[in-house]
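The numbering used here numbers the first residue of the sequence shown as 1035 and each following residue consecutively.
Since the hints were derived computationally from the structure, they do not count as laboratory data. Some clues are possibly wrong.
As the list claims (entries may be wrong) - The calculated label-pair distances, taken between Cβ atoms and stated as ranges, are: (1) 1441 / 1248: 28 to 36 Å; (2) 1466 / 1327: 53 to 61 Å; (3) 1416 / 1393: 36 to 44 Å; (4) 1206 / 1090: 53 to 61 Å; (5) 1393 / 1245: 19 to 27 Å; (6) 1457 / 1406: 27 to 35 Å.
All C-beta atoms in this analysis are idealised placements derived from N, C-alpha and C, irrespective of residue type, glycine included.
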Amino acid sequence: MITLENLVIENGSAANGAGLNYTVGSLTALNCIFRNNVASDPGGAIHAVNAGVTLTGCRFENNAADEYAGAIYGDSVGFVLSGCHFDDNQADYVPCVQGENCTFEMSDSTIVNHSDGEYLFELGTGVAGTGITTISNCVFENNEIEYNLLNIDGVATAKTTQLQITGCIFRGNEIDDYCIYAKRTQLLTLSGSLFADNLGDALSFWQVTGSVEDCRFERNSGGATFYVRGDTTTLDFRRCVWANNVVSFRNQIGGGVVTFDACDFYGNQNTANGDSRPAALMVGSNATAVTITNSMFANNGSPAIHTDGELSIGGSYLCNQVVEGQTQEQWDDGSNTILSGDAETVCPDGDGDGVPDALDLCFGGDDGMDSDFDGTADDCDALPADPTEQLDSDNDGVGDNADACPDDPAKTEPGTCGCGVVDTILAGDLDCDGDVDAADFALLRNQIGVDNLGCVGSDINGDGTVNGADLAYILSFWGATCP
1035 MITLENLVIE
1045 NGSAANGAGL
1055 NYTVGSLTAL
1065 NCIFRNNVAS
1075 DPGGAIHAVN
1085 AGVTLTGCRF
1095 ENNAADEYAG
1105 AIYGDSVGFV
1115 LSGCHFDDNQ
1125 ADYVPCVQGE
1135 NCTFEMSDST
1145 IVNHSDGEYL
1155 FELGTGVAGT
1165 GITTISNCVF
1175 ENNEIEYNLL
1185 NIDGVATAKT
1195 TQLQITGCIF
1205 RGNEIDDYCI
1215 YAKRTQLLTL
1225 SGSLFADNLG
1235 DALSFWQVTG
1245 SVEDCRFERN
1255 SGGATFYVRG
1265 DTTTLDFRRC
1275 VWANNVVSFR
1285 NQIGGGVVTF
1295 DACDFYGNQN
1305 TANGDSRPAA
1315 LMVGSNATAV
1325 TITNSMFANN
1335 GSPAIHTDGE
1345 LSIGGSYLCN
1355 QVVEGQTQEQ
1365 WDDGSNTILS
1375 GDAETVCPDG
1385 DGDGVPDALD
1395 LCFGGDDGMD
1405 SDFDGTADDC
1415 DALPADPTEQ
1425 LDSDNDGVGD
1435 NADACPDDPA
1445 KTEPGTCGCG
1455 VVDTILAGDL
1465 DCDGDVDAAD
1475 FALLRNQIGV
1485 DNLGCVGSDI
1495 NGDGTVNGAD
1505 LAYILSFWGA
1515 TCP
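All chains should be built: construct the whole structure from the sequences, respecting the hints.
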């Protein structure tokens, strides 16, 4: 086992692994910097084979490889990355990380400012075997990539390819294809993640099994926010929101069995003209079955939904939304403009922000702008630049979570006298009223002779006992008042 700590590895040049070439065994790097390393073959900074590699608090900056893995390459490696930072690494095809037959686990890391290559991360199974990818609480921001940010592709002979992404942010990226592309992937889980302000598509899933839960897709522009296909696909969307996205093609279910439960589509538009270009959802003829339950479609462009396949809608609200295709035959009036459910109370948009009142998280404000991505719109967020704070009850500029006196604008800590009372600056003023008088003597008298109080108000000299010494101190200031 080898451990590297607090090293700067830079300006290396080699065929592969210009910063570090490691084969067989366990490698740990703590708080290391890999910078300006250049390889002609895979692995500008690190090349690892048949190894276990743990990277904690490491930075990968401006490393390069001619074709693949500008930062890291692994074959049959178990990667564990935590708190790492990737910035402006380069390669013609994969500028950041490439892994074959690997387990890859990354958490609390940032991947930013890459402007080269086809796939930012390419993680699959190689010729055969198992590939498992787990990514949590990571930020992918301001990357410009030709195809996909995350390319997860299991080959036909692979037994298992797994993908789990939790609590991640994909923001401000420019891509020709998708933020996440997953093919032949089992046990797929995407949860609690945000896709916002990207120029390009969000998701492409092909022959996958799994779920997408509690995700938001906001203000993205591209061909589509999702494309699901493959006759073996089984995918569940739960509690997801698509808001104010602009597509030029369509969000399409092109195959498999797909469900949407408790999902909301509002304010989405399609810039393309012609048939089969819905603003929210397209169900293709090859889809085995698509089911929508407990969901809402509101203020999307027309048509909101187009279906050439099997679509079932139940327990949902469609607020003045146009549905094209076979589904329109299901409605009693023969119209394809649908206003269903308790429309009078559910569908209105009282503040005119494009979000129905039933979904409006910030009534009177713009739900679509959340600068710190904490789930609270800026107009309803007292501290819109701080993701840990939403309320400031006393308007003192310190959020309630960090304010020990959230209702006292003059204090953020209780101090000697507690919240809501100005701290005394006069010794012996036990009741914090600004003078030393009989009321203070009464407080002291009630505790005379008590031991082990600690540093309480009546124990003026802090010796652990309320006694004559404390009384003498009060008497020495008798009648004094604060200025």
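Hints versus structure:
1. 1441 / 1248: 28 to 36 Å: holds (32 Å)
2. 1466 / 1327: 53 to 61 Å: holds (59 Å)
3. 1416 / 1393: 36 to 44 Å: Hint violated: Cβ distance 22 Å, outside 36 to 44 Å.
4. 1206 / 1090: 53 to 61 Å: violated (27 Å)
5. 1393 / 1245: 19 to 27 Å: Distance hint for residue 1393, residue 1245 holds at roughly 22 Å.
6. 1457 / 1406: 27 to 35 Å: holds (33 Å)
Violated hints for the displayed structure, listed by number in ascending order: 3, 4.
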